[in-house]
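Trainee: Whole structure, please, built from the sequences with the hints as guidance.
Protein chains: 2
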Amino acid sequence: MKIELICTGEEVLSGQIVDTNASWFANCLLDNGFELSRKTTVGDRMEDLISVFQERSKTADVIVVNGGLGPTEDDLSAQAAAQACGVPLVVNEPWLELMSQWFARSGRVMAANNKKQAMLPEGAVMIENPVGTACGFRIKLNNAWLLFTPGVPHEFKRMIHDHLLPFVRSQRSSRTPVKLAKLMTFGEGESQLASRLDSVTLSDGIDIGYRASSPQLEVKIFARTDAAIAKLDETTKKVKQQIGESFFGEGGHTLAECIHKQLIKSGVTIAAAESCTGGLLASQLVAFPGSSRYLQSSIVSYSNQAKKTLLGVSSDTLELHGAVSKQTAAEMALGVRQIMDTDYGLSVTGIAGPEGGSDDKPVGTVCIGLSTRNQVFTQRLQFGNRSRTWIRNMSCAVAYDMLRRAIAGQFPIADYPMLKRIS
Amino acid sequence: MKIELICTGEEVLSGQIVDTNASWFANCLLDNGFELSRKTTVGDRMEDLISVFQERSKTADVIVVNGGLGPTEDDLSAQAAAQACGVPLVVNEPWLELMSQWFARSGRVMAANNKKQAMLPEGAVMIENPVGTACGFRIKLNNAWLLFTPGVPHEFKRMIHDHLLPFVRSQRSSRTPVKLAKLMTFGEGESQLASRLDSVTLSDGIDIGYRASSPQLEVKIFARTDAAIAKLDETTKKVKQQIGESFFGEGGHTLAECIHKQLIKSGVTIAAAESCTGGLLASQLVAFPGSSRYLQSSIVSYSNQAKKTLLGVSSDTLELHGAVSKQTAAEMALGVRQIMDTDYGLSVTGIAGPEGGSDDKPVGTVCIGLSTRNQVFTQRLQFGNRSRTWIRNMSCAVAYDMLRRAIAGQFPIADYPMLKRIS
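Order-wise, the sequence lines are chains A and B. Residue 121 in the UniProt record's numbering sits at position 121 of the first sequence, and the numbers go up by one each step. Residue 248 in the UniProt record's numbering sits at position 248 of the second sequence, and the numbers go up by one each step.
Simulated from the structure, these hints should not be mistaken for lab results. Be a bit skeptical, because a hint or two may be false.
Claimed, not checked - Here's a subset of chain A near chain B, in silico, CB distances under 7 Å, partners left out:
1) Glu10
2) Arg38
3) Ala111
4) Ala230
5) Glu234
6) Thr235
7) Thr236
8) Gly279
9) Val286
10) Ser301
11) Tyr302
C-beta atoms are modelled at their ideal positions from N, C-alpha and C, and glycine is treated no differently.
Mentor: Rendered as structure tokens:
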């Protein structure tokens, strides 16, 4: 089955926004045993939309069209679909009704141009959008089913899960089974890990793929025949063994989500003191519901004054070793743990750049501390002259990994082949 | 002139890597007065490459093909181009010579498979790559010039600047210029704002587009003729006036980036106290270099204990009004400002869900406080039962907007048509 994606919108085409829906969609298909065969991006011009629908529908079986279902004038997808199919737009009464109820519930007045969102090509099948005012729809043109979806990422994702995946499963004539196992790793680069995993003998129908989604690296094991599926668990076990220390979890979760689950399960409490990460460490955990059970507080001590006033870091330490030092990281981790009386205290202090580096402490120098009830562990890493975002994300990841190891009873400081430790 | 882009490679199509070349290229074209009319992404299969070259060359004038020029087996662009054009691959002696010199200079031996990189379709015009081993080339097929470029971003960018831009300038028969203005807004929904902007009369060749990138909404004014470009400033001024209170900045920046710039410029200092945003408010500012100049600290006071210990919120207030109340928000904002002795203190406390709501304070209830040196402003908003991410992001945005207004000398609390204020 040939599945294609058509992304619409000047802002996607003109690069004003990076098209995260497209890469998410391609990954989602892969996870579910399908492959994307082509992606086309066009702007908001009517003739471009019509011609791409007509062209691609001759070759593809299912075409997901993303975007252009909004209430404004430059949202032309429904109209273009109607013209491409040679049918008029008609009001979809069920959706108009649902939309009215939606506005009534949220105490807002439905603007006149929202009614446009209930105008669908005649003969199209409406697809409910439980989280927005743009309904989706599907319509057959030439060889293909065109499935129109909203551009807002969470609405798009919901519709793909609720509707597209069941639909393509039902359309697939000869069922080619696919099963996928995912092993999450941290600290080793793709090429290095891949060459180590070359030594694992794989049965016919089993492939290994990699997806780098910094800071973690996902190892995907695909089984594409019934015989291969029967051997998937055994292979996964072997691969996991070969990965060794870098393995931190199964099933495609981020390191932050993994540590969140571990914290909930273990019943411990934590507090953090953040300098260069500036709240990112706490924020990535607070993204998950239930984080209030373990996260007592995080103190973003961006200035030296804040480090002293809020965390009790001594002036001597700051003067003698500097704000970015293992000594300061130790006092930050210890300070925040004692103030909040938690089981663990985490700290990060570093130079995220692009300015602020020195010969002694260049951009990318980050010190990370973990305080337990008995001990304080610190390490100084040199991430190199990477982007501010990369350095901040990697700093959080190392801190989570130290905590993960400590809770699991391992030594908190590990050797990461892809990262350079100074001391 | 119709300019298209074809991106090749399984890793781009399958979303393993985000295609930054494409968005960079589209932006670069726009900056130089051209528009990208379509972008197609295909994998590494020979038949897909040949068919996309043949298809698109019937419609487009210039097609930039990116990727697939490397030395390995899955780099098929040159071979596919040769087959699509019906010509053989031949050695390009000048490039072979340059490549040999390049390897000699860097003291390395040229691998056998690098010779593949000098095999070009017969009749193609070689394009030198001064920064890598993959030369580019261009060849005419049907209506279009196909221009093949390397996938490595800095090599690609160099070739676009040195070769593609001069080439398309020389090819352009009738100049169709484009200019774009962007106005950033916050607090009003797309449909409502669009219907208000309908009253602005637009000259021929000027269009308005919208891009919702929650929490902000971007209004884009495109001018597509010389006459339209001459009127762009005037139109932009009129649109800005009509937008009114929701306008916060020009040029496609986020609210966080705007407030960051304003804070740097005004020389004030701030501190934050965050509950449900959990460090996000600080983290979004720390993402920008230089934020240390104004951000003293943020205290993520997730637990009641932290609110008392770290911020001095009184037990009475917490007991009487609850952690999510205007009173608590006021004490948090005031507390953090006094502790850090800053010009402004910001606070957010709310229920981000999906659990933790009550009849009285359902999910989406958020109280936001701003303390100046003389006064404390608070508001209680009801965002509705939206996602945790949405509620947290919107909370930060409202806090930034309060601060922005205060620094600009406006009243900090505004009416946001898309948000419901309780008190």
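Trainee: For each hint, tell me whether it holds in the structure or not.
Mentor: So, going through the hints one by one against the coordinates:
Contact between A:Glu10 and chain B, as hinted, is supported at the beta carbon level, the nearest pair being about 6 Å apart and thus within 7 Å. Evaluation of the A:Arg38 hint against chain B yields a held restraint, the C-beta minimum of about 5 Å falling below 7 Å. Checking A:Ala111 against chain B: minimum C-beta separation of about 4 Å stays under 7 Å; hint holds. For A:Ala230, the shortest C-beta to C-beta distance to chain B is roughly 26 Å, which exceeds 7 Å, and the interface hint is violated.
Annotation: A:Glu234 was flagged as interfacial toward chain B, and the flag is violated, the nearest CB pair being 26 Å apart, outside 7 Å. Checking A:Thr235 against chain B by beta carbon gives a least distance of about 21 Å; that is not within 7 Å, so the hint is violated. Residue-level restraint check for A:Thr236 is violated (minimum Cβ-Cβ distance to chain B is 20 Å; threshold 7 Å). The beta carbon of A:Gly279 is positioned within 7 Å of a beta carbon in chain B (closest approach about 3 Å), and the interface hint is therefore held.
The interface hint given for A:Val286 is met, as the beta carbon of that residue sits about 3 Å from the closest beta carbon of chain B, less than 7 Å. Residue-level restraint check for A:Ser301 holds (minimum Cβ-Cβ distance to chain B is 6 Å; threshold 7 Å). The interface hint given for A:Tyr302 is met, as the beta carbon of that residue sits about 5 Å from the closest beta carbon of chain B, less than 7 Å.
When the structure is compared with the earlier hints, violations turn up for hints 4, 5, 6 and 7 and for no others.
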